[in-house]
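A.B. asks: In case you want the letters, here they are:
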Amino acid sequence: SQKIEQNSEALNIQEGKTATLTCNYTNYSPAYLQWYRQDPGRGPVFLLLIRENEKEKRKERLKVTFDTTLKQSLFHITASQPADSATYLCALGRGNTDKLIFGTGTRLQVFP
Amino acid sequence: DGGITQSPKYLFRKEGQNVTLSCEQNLNHDAMYWYRQDPGQGLRLIYYSQIVNDFQKGDIAEGYSVSREKKESFPLTVTSAQKNPTAFYLCASSPVGETQYFGPGTRLLVL
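So the sequence lines, in the order shown, correspond to chains A and B.
Numbered by the numbering used here, the letters in the first sequence go through residues 1 to 112 in order.
Numbered by the numbering used here, the letters in the second sequence go through residues 1 to 111 in order.
Isolated chain A (complex conformation) (with noise of 0.2 angstroms):
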């Protein structure tokens, strides 16, 4: 079956330092992915989307990686900031389908 690797651990940095997450996954072949931010208590909040046929992806500070090969999304925070602190969501999905497969989620702390 199909599954997707989060670092479950919490990623620590200091503020203004580049933070990266990964997502991993195998038994499956996305058409695109997705990164989501979720804060404590609330709902996931989209951040940015990647498609197969892409590698790269930037919005302000946030960079994305897609990496069909190795079957890896690598997601980039630069110059982080305390409040970029939440847990970070990745999904993968198909373009013939509406269902996303989301990972467990790592929890950022950026401290001052």
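Just so you know, not all the hints are guaranteed correct.
Unchecked claim - As a list, the in silico SDA-like pairs of lysine to any residue whose alpha-carbon atoms are at most 20 angstroms apart: (1) A/K99 with B/Q41; (2) A/K3 with B/G42; (3) A/K71 with B/G42.
Unchecked claim - Which bits of chain B does chain A cover? Going by a derived footprint, with three or more residues having C-beta under 8 angstroms, they are: (4) 36-42; (5) 102-109.
If you're looking for bench data, these hints aren't it; they were derived computationally from the structure.
By construction, the Cβ of each residue, glycine as well, lies at the ideal position given by its N, Cα and C atoms.
Let chain A serve as the given structure and place chain B on it in line with the hints.
C.D. replies: Relative to chain A, chain B alone:
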């Protein structure tokens, strides 16, 4: 003000009781979803609907039921058959395909 709303924020269920969680959206999205989130686990799909009067089971549909009589509404009933209902329930909507927009969630607790 467009968005997706869920109510109540907290819900308490007594043993043997059915409870219904509300989800409403005014985004004019065709598709709606219900997820369950437990600590340390990802979002698990309970039910989804791509069009009014039609819905499909997700990965963990047992003990739950839904209806989709209106485009704007997709209520979830947690039945007494669901033996471990304590969780955070999230509703989402999307234009057909891709990005999903989530509500604020309902936390269900068992008395």
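A.B. asks: Does each hint hold? Answer for all of them.
C.D. replies: Tested hints:
Taken as a hint, the A/K99 and B/Q41 pair is honoured in the structure, with Cα atoms around 17 angstroms apart against an allowance of 20 angstroms. Restraint check: the Cα-Cα separation between A/K3 and B/G42 comes to about 11 angstroms, which is no more than 20 angstroms; the hinted pair holds. For a cut-off of 20 angstroms, the pair hint linking A/K71 to B/G42 stands: about 19 angstroms separates their Cα positions. Only residues whose beta carbon comes within less than 8 angstroms of a beta carbon in chain A count, and the stretch 36-42 of chain B has 3; three or more means the coverage holds.
Residues of the stretch 102-109 of chain B with a Cβ under 8 angstroms from some Cβ of chain A number 5, which satisfies the need for three, so the listed coverage holds.
When held up to the earlier numbered hints, the structure conflicts with none and fits them all.
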